[in-house]
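*Asks:* Read off the chains here:
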Amino acid sequence: MLSKDLSRFQRRSLALFSASILLTALITMFTHDYFRHPHHSTTGLLAWTLALLPSLPFLGTIFLALRYIGRERDEFIRAQVLLALLQGSFITLAFTVVYAFFENYLKIRSAPAMAYVDVFLIASMIALRIHLRSAQ
Amino acid sequence: MTCMPMTKAGRRYIYRLAPTMLVYLVFLFIAQWTFHHHHPTGVFAYFLAVLPALPLVASLAVVGLYISEESDEFERSIIVQSMLWGMGGALSVSTIWGALEDFASAPHLSTFYVYVFFWIFMGISQPFIRLKYR
Amino acid sequence: MKNRLRILRAERNWSQADLAQKLDVSRQSVNAIETGKFDPSLPLAFKLARLFDSPIESIFSDEE
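Sequences listed follow chains A, B and C, in order. Heads up: the first sequence begins at 23 in this note's numbering, then just goes up one per residue. Heads up: the second sequence begins at 6 in this note's numbering, then just goes up one per residue. Heads up: the third sequence begins at 860 in this note's numbering, then just goes up one per residue.
Bear in mind the hints are in silico, worked out from the structure with no lab data behind them. Treat each hint with caution, since some may be false.
[What the hints assert, rightly or not] So the derived list for chain B, only partly shown, Cβ under 10 Å to chain A, looks like this:
| # | residue |
| --- | --- |
| 1 | Ala50 |
| 2 | Glu74 |
| 3 | Gly93 |
| 4 | Ile101 |
[Claimed, not checked] Computed list of chain B residues with no C-beta within reach of chain A, every gap over 12 Å:
| # | residue |
| --- | --- |
| 5 | Met11 |
| 6 | Gly15 |
| 7 | Arg16 |
| 8 | Arg17 |
| 9 | Arg21 |
| 10 | Ala23 |
| 11 | Val28 |
| 12 | Val31 |
| 13 | Val55 |
| 14 | Ser82 |
| 15 | Thr100 |
| 16 | Arg135 |
[To be verified] With a straight-line cut-off of 30 Å between C-alpha atoms, the simulated DSS-like cross-links for lysine-lysine are:
| # | chain 1 | residue 1 | chain 2 | residue 2 |
| --- | --- | --- | --- | --- |
| 17 | C | Lys861 | B | Lys137 |
| 18 | B | Lys13 | C | Lys881 |
| 19 | B | Lys137 | C | Lys896 |
| 20 | C | Lys881 | C | Lys906 |
| 21 | C | Lys906 | C | Lys896 |
| 22 | C | Lys896 | C | Lys881 |
| 23 | B | Lys137 | C | Lys906 |
Every residue gets a Cβ at the ideal spot worked out from N, C-alpha and C, and that includes glycine.
My request is simple: use the sequences and hints to build the entire structure.
*Replies:* So, in structure tokens, the structure goes:
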């Protein structure tokens, strides 16, 4: 996916974005392991602070995305990224609405914390890929 | 639902959204009543469960149509930015609360709140976004 | 982007609302463009040029 046509700014943004997603995955795995241990409490201030840890790199991802959109000078690429993020948003919201009613009426299991973020990122990236491909 | 300017596209948005929300209320009533009184199972249960979701998904399509039809590019830019802030806010809250649910035994918040938080953050962000352009 | 919209508007005694109506955009759009906080697209820039009967380069300037 790394094209030699990417500008230095785009390559750096992509690297930072990938690092933030990797960090999210690693911290989530660490937190899972920590709380699986029977002696580690799931209540109290320490538990709540540790539970919040996986969300931090994700919030960093949002910050990186906003920073990228604000600084990308190539208007066409910025427009394609915005369109892909919007389409990812619509797909994610449609998914959550349908899942919510299944949860409520059919009592299916709640999705894990990062599920909606995963749906959003995957949908947006696929949309972006399709847009950039069709623009070639 | 949010502050939309009264351009032609804005008016069309209201004319499309109002009946969509009405249909949602009707479908919600049908689903609630049927599940409460008849306890359906199988494919029919899945169909009934998804019924109220359909007009809500349609409401998202109505917003999408507004964005594509709005000829005022500045207003379109405001709405797009507020939608992205809405999504960012909704995903942040659901991720943080989801993590607390998974790891710190916090009480469960329905998935439906992702949709609700989206509209809340979208509405809240608009005046701040407009301030940037004053 | 710097522009002379305010001057051109004043020469014709148009309010921002008047200009917005002629361009079929909101008054906030006109204000955002005038203050240089929002850059119009090419079609809107051409609309402005036709309305003021001036070339785009005499209305907008991209000097920083």
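*Asks:* With reference to the structure, classify each hint as holding or not holding.
*Replies:* Here's how the hints hold up against the structure:
1. Hint status for Ala50(B): holds, given a least beta-carbon distance of 6 Å to chain A, under 10 Å.
2. Nearest Cβ of chain A to the Cβ of Glu74(B): about 15 Å, over the 10 Å cut. The hint is violated.
3. With 10 Å as the threshold, the beta carbon of Gly93(B) comes within range of chain A, its nearest partner Cβ sitting at about 5 Å, so the hint holds.
4. Hint status for Ile101(B): holds, given a least beta-carbon distance of 5 Å to chain A, under 10 Å.
5. Its beta-carbon lying about 23 Å from the closest one in chain A, Met11(B) satisfies the requirement of being farther than 12 Å from that chain.
6. The claim that Gly15(B) lies off the interface holds: its Cβ sits roughly 18 Å from the closest Cβ of chain A, which is beyond the 12 Å cut-off.
7. Residue placement check: Arg16(B) keeps its beta carbon more than 12 Å from all beta carbons of chain A (closest about 22 Å).
8. No beta-carbon of chain A comes within 12 Å of the beta-carbon of Arg17(B); the shortest separation is about 18 Å.
9. Here Arg21(B) stays apart from chain A, with its beta-carbon at least about 16 Å from theirs, past the 12 Å limit.
10. Remark: the non-interface label on Ala23(B) is consistent with the geometry, its nearest Cβ contact in chain A lying 19 Å away (cut-off 12 Å).
11. The claim that Val28(B) is not at the interface with chain A holds, since no C-beta of that chain comes within 12 Å of its own (minimum 14 Å).
12. Residue-level check passed: Val31(B) sits 15 Å from the nearest beta carbon of chain A, beyond 12 Å.
13. Not every CB of chain A is more than 12 Å from the CB of Val55(B) (nearest about 6 Å), against its label as outside the interface.
14. The Cβ of Ser82(B) sits about 9 Å from the closest Cβ of chain A, inside the 12 Å cut-off, so the non-interface label is violated.
15. Its closest Cβ contact with chain A, about 5 Å, brings Thr100(B) to no more than 12 Å, contrary to its assignment away from the interface.
16. Under the 12 Å C-beta cut-off, the non-interface status given to Arg135(B) relative to chain A holds; the minimum distance is some 17 Å.
17. In summary, the hint linking Lys861(C) to Lys137(B) is supported, as the alpha carbons are separated by about 17 Å, within the 30 Å threshold.
18. Simply put, Lys13(B) and Lys881(C) have alpha-carbon atoms about 14 Å apart, close enough for the 30 Å limit, and the pair holds.
19. Distance check on the hinted pair: Lys137(B) and Lys896(C) sit about 8 Å apart at the alpha-carbon level, within 30 Å; holds.
20. About 10 Å separates the Cα atoms of Lys881(C) and Lys906(C), which keeps this hinted pair within 30 Å; it holds.
21. For the hint linking Lys906(C) to Lys896(C), the alpha-carbon distance of about 19 Å falls within 30 Å, and the restraint holds.
22. With a CA separation close to 21 Å, the supplied pair Lys896(C) and Lys881(C) stays within the 30 Å bound.
23. With a C-alpha separation of about 25 Å, the suggested pairing of Lys137(B) with Lys906(C) holds against the 30 Å cut-off.
When each numbered hint is compared with the structure, violations occur for hints 2, 13, 14 and 15.
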